[in-house]
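2 protein chains.
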Amino acid sequence: MGLVVQKYGGTSVANIEKIENVARKVIKAKNEGNDVVVVLSAMAGETDRLIKLAQQAAEDYDTREYDNLISTGEQVTISLLSLVLNRLGYPARSFLGFQVRILTDQDYTQARILGVEDQVLRKELEKGKIAVVAGFQGVDSDNNITTLGRGGSDTSAVALAAALSADVCEIYTDVDGVYTTDPNICSNARLLNKISYDEMLEMARAGAKVLQPRSVELAKKFEVPVYVKSSFSDEGGTLVTKEDKDMEREVVSGVTYDRDQAKITVVRVPDKAGVAARLFTPLAEHNIVVDMIIQNASLEGYTDLTFTISKKDVKETKRLIEEVAKEVGAAKVEVDDQVAKVSIIGVGMISHSGVAAKMFSTLAQEGINIMMISTSEIKISCVIHSKYTELAVMVLHDAFELEKSS
Amino acid sequence: MGLVVQKYGGTSVANIEKIENVARKVIKAKNEGNDVVVVLSAMAGETDRLIKLAQQAAEDYDTREYDNLISTGEQVTISLLSLVLNRLGYPARSFLGFQVRILTDQDYTQARILGVEDQVLRKELEKGKIAVVAGFQGVDSDNNITTLGRGGSDTSAVALAAALSADVCEIYTDVDGVYTTDPNICSNARLLNKISYDEMLEMARAGAKVLQPRSVELAKKFEVPVYVKSSFSDEGGTLVTKEDKDMEREVVSGVTYDRDQAKITVVRVPDKAGVAARLFTPLAEHNIVVDMIIQNASLEGYTDLTFTISKKDVKETKRLIEEVAKEVGAAKVEVDDQVAKVSIIGVGMISHSGVAAKMFSTLAQEGINIMMISTSEIKISCVIHSKYTELAVMVLHDAFELEKSS
Numbered sequence: 018m019g020l021v022v023q024k025y026g027g028t029s030v031a032n033i034e035k036i037e038n039v040a041r042k043v044i045k046a047k048n049e050g051n052d053v054v055v056v057l058s059a060m061a062g063e064t065d066r067l068i069k070l071a072q073q074a075a076e077d078y079d080t081r082e083y084d085n086l087i088s089t090g091e092q093v094t095i096s097l098l099s100l101v102l103n104r105l106g107y108p109a110r111s112f113l114g115f116q117v118r119i120l121t122d123q124d125y126t127q128a129r130i131l132g133v134e135d136q137v138l139r140k141e142l143e144k145g146k147i148a149v150v151a152g153f154q155g156v157d158s159d160n161n162i163t164t165l166g167r168g169g170s171d172t173s174a175v176a177l178a179a180a181l182s183a184d185v186c187e188i189y190t191d192v193d194g195v196y197t198t199d200p201n202i203c204s205n206a207r208l209l210n211k212i213s214y215d216e217m218l219e220m221a222r223a224g225a226k227v228l229q230p231r232s233v234e235l236a237k238k239f240e241v242p243v244y245v246k247s248s249f250s251d252e253g254g255t256l257v258t259k260e261d262k263d264m265e266r267e268v269v270s271g272v273t274y275d276r277d278q279a280k281i282t283v284v285r286v287p288d289k290a291g292v293a294a295r296l297f298t299p300l301a302e303h304n305i306v307v308d309m310i311i312q313n314a315s316l317e318g319y320t321d322l323t324f325t326i327s328k329k330d331v332k333e334t335k336r337l338i339e340e341v342a343k344e345v346g347a348a349k350v351e352v353d354d355q356v357a358k359v360s361i362i363g364v365g366m367i368s369h370s371g372v373a374a375k376m377f378s379t380l381a382q383e384g385i386n387i388m389m390i391s392t393s394e395i396k397i398s399c400v401i402h403s404k405y406t407e408l409a410v411m412v413l414h415d416a417f418e419l420e421k422s423s
Numbered sequence: 018m019g020l021v022v023q024k025y026g027g028t029s030v031a032n033i034e035k036i037e038n039v040a041r042k043v044i045k046a047k048n049e050g051n052d053v054v055v056v057l058s059a060m061a062g063e064t065d066r067l068i069k070l071a072q073q074a075a076e077d078y079d080t081r082e083y084d085n086l087i088s089t090g091e092q093v094t095i096s097l098l099s100l101v102l103n104r105l106g107y108p109a110r111s112f113l114g115f116q117v118r119i120l121t122d123q124d125y126t127q128a129r130i131l132g133v134e135d136q137v138l139r140k141e142l143e144k145g146k147i148a149v150v151a152g153f154q155g156v157d158s159d160n161n162i163t164t165l166g167r168g169g170s171d172t173s174a175v176a177l178a179a180a181l182s183a184d185v186c187e188i189y190t191d192v193d194g195v196y197t198t199d200p201n202i203c204s205n206a207r208l209l210n211k212i213s214y215d216e217m218l219e220m221a222r223a224g225a226k227v228l229q230p231r232s233v234e235l236a237k238k239f240e241v242p243v244y245v246k247s248s249f250s251d252e253g254g255t256l257v258t259k260e261d262k263d264m265e266r267e268v269v270s271g272v273t274y275d276r277d278q279a280k281i282t283v284v285r286v287p288d289k290a291g292v293a294a295r296l297f298t299p300l301a302e303h304n305i306v307v308d309m310i311i312q313n314a315s316l317e318g319y320t321d322l323t324f325t326i327s328k329k330d331v332k333e334t335k336r337l338i339e340e341v342a343k344e345v346g347a348a349k350v351e352v353d354d355q356v357a358k359v360s361i362i363g364v365g366m367i368s369h370s371g372v373a374a375k376m377f378s379t380l381a382q383e384g385i386n387i388m389m390i391s392t393s394e395i396k397i398s399c400v401i402h403s404k405y406t407e408l409a410v411m412v413l414h415d416a417f418e419l420e421k422s423s
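Protein sequence lines, in the order shown, are assigned to chains A and B.
For what it's worth, our numbering labels the leading residue of the first sequence as 18, then goes sequentially.
For what it's worth, our numbering labels the leading residue of the second sequence as 18, then goes sequentially.
Treat the hints with caution; some may be incorrect.
For identical chains, the list gives no copy identity; a pair is met inside one copy or between any two copies.
[Claimed, not checked] Straight-line distance between alpha carbons at most 35 Å, and here's what the computed DSBU-like set of lysine-lysine pairs gives:
| hint | residue 1 | residue 2 |
| --- | --- | --- |
| 1 | Lys35 | Lys328 |
| 2 | Lys146 | Lys332 |
| 3 | Lys35 | Lys332 |
| 4 | Lys259 | Lys140 |
| 5 | Lys329 | Lys35 |
| 6 | Lys45 | Lys69 |
| 7 | Lys69 | Lys144 |
Derived from the structure by calculation, the hints contain no laboratory data.
From just these sequences and the hints, can you work out the full model?
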């Protein structure tokens, strides 16, 4: 007995048959005495179809119109699930972002949720109805439709769970939880029963595709328990929750990788105050997300500056950086898009020494050269040549004995 | 120089290439110094695809969810046209029903427009932008999405033209105007340069598919000049406007037919007060539209009552009517769905006698039996066996010499 928010991804609502499967899971939760709010993505492939249409219409597209277009996919699935639930005798009602009202900023294609009103949904829940809400979309203060970026439906679900003080937010997907690493690469990858918000956040940021990083940030902020499970099986499942004593025993919880990386090096930058700001300000203005940044020790008043970005931003970044590089008197700009980032993550790192050394030596033993290193309290990331990605993941998973439950 | 509302149908926006064709027409009107508001339908076939999905989800569907689903088609086309216009350097902005705000009643699937707010659009027009509005949809006072029924985008366009006091409402379609009859049946059908609101209304109601009847009602009420023309050619076009002297010269302006007819006869109904009301009230309650109603002279306290409905309503009507027939003591209910309605329309009928007689004798000469007759000031309709539809249209078109311009 409580309030449950359930989110289903694109493969779970890919056709009417699968939507009927979702309806059965929703009805089960309802019959167990819960109020149920369902958040849906678009049918698998539909958002890509719409994006292709947008690109056909205009290569450099107007982002407001783009969002208006690609938000239709979720409108279709929420209507269909509501039709099915009503047919099965479970009163349901669909809600779009503007109807709930999920208020966002005006940063089209990657808007951030500013607030979620709960009155409209509470009224329906009080009537015993199931509320089916469009994921991925919101509305700005001028009533324009906005979208939240890839994986945004996760964030919609967590934001709704937070606004409604839900007991749990269940994220149904096509995998049965969070693994120590990608099971497609490591056959002995182990399903985690529990993981802390911080670890999940680092894993999501470091390339694990289970949850959108923002959704984990929100879940942590509002302490929403998030349960990641499979739409197609009742087994497994991973609870993302507050850190507890059990977790601290594990030094490393997971190994992740991200192939969507490109490395830019600005060679021989005069080492003067304000140079870094001049290099990175234009990138920020163009919404280019810079991941790792490394600056070598200065030598005779010059330094090399290296940073990583998403592969899709290479062209624009090169153009912007070459311009500034010229102005500040740097020698040249080098681009390498044959790179990947491999990371190990674990809250236990804080209290265990030697984790980084073990990572570096494990990679070295395989002859894998480390190009860049970045660390946080609970994560160590290395940029390596992309051809070594799978190898690095496998040897690190073995080295930290992740196949064994602690 | 003025304000033009242009509406494009589904075949005009069936793909990006055709949407670019629409963009060129819109830009032409803009470059001629006009403020332009564009109203679009969904891509040809898209609404049918969505209806099929709804039917797969639930045979007896919840109409609110149905409307939420099928209104997505227009959201796609308005976004795409706006993307194309922006790309071509003509600032454009798309608007959904709730954004404009096109307020309707809550009669889902066939909602009526109650009011159109003009401020949001005027603000955009004042900035020099082109406003691209989703046809077919509105929003009720509780923010639920509603749709206006088949052909509803015509009504959206006329309602916007009325609210904005537009100089003209141009309806672009796949035919080049309004003809004296269906050119697919009569090769000598003639394009009308001008037609009165009343004639157009009768023609639309009598089966001509060029405009939704409600759109003509609205145009008449607010005296919006409506210009029907082809998306694919600059030739032709028919102006629907107030009656003028020219028009009165024509006795008959057009011949229409409607094959979507079924005839129901309640045999030997006791001729008592209130019986007709008891028969038709349940139909009204189930939103079944009754077209023609005929009651024979009473014989020994009994009468036969015959009426026509749309073919899609036969099953439900039969069930409802058989129930009441039993209660009021009628002998039986007969259904005939092999019927069609053929009509002649013209404002000149008012001042010309002998038009009806000529229609009946023309049909009689071909051996076509007339089952039912109904007349209005400017229209005469006959229900005949459906196998004679084409023949009837051809001989009537010839008899009234419609191929000749008066």
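| field | Hint check, failures only | value | none
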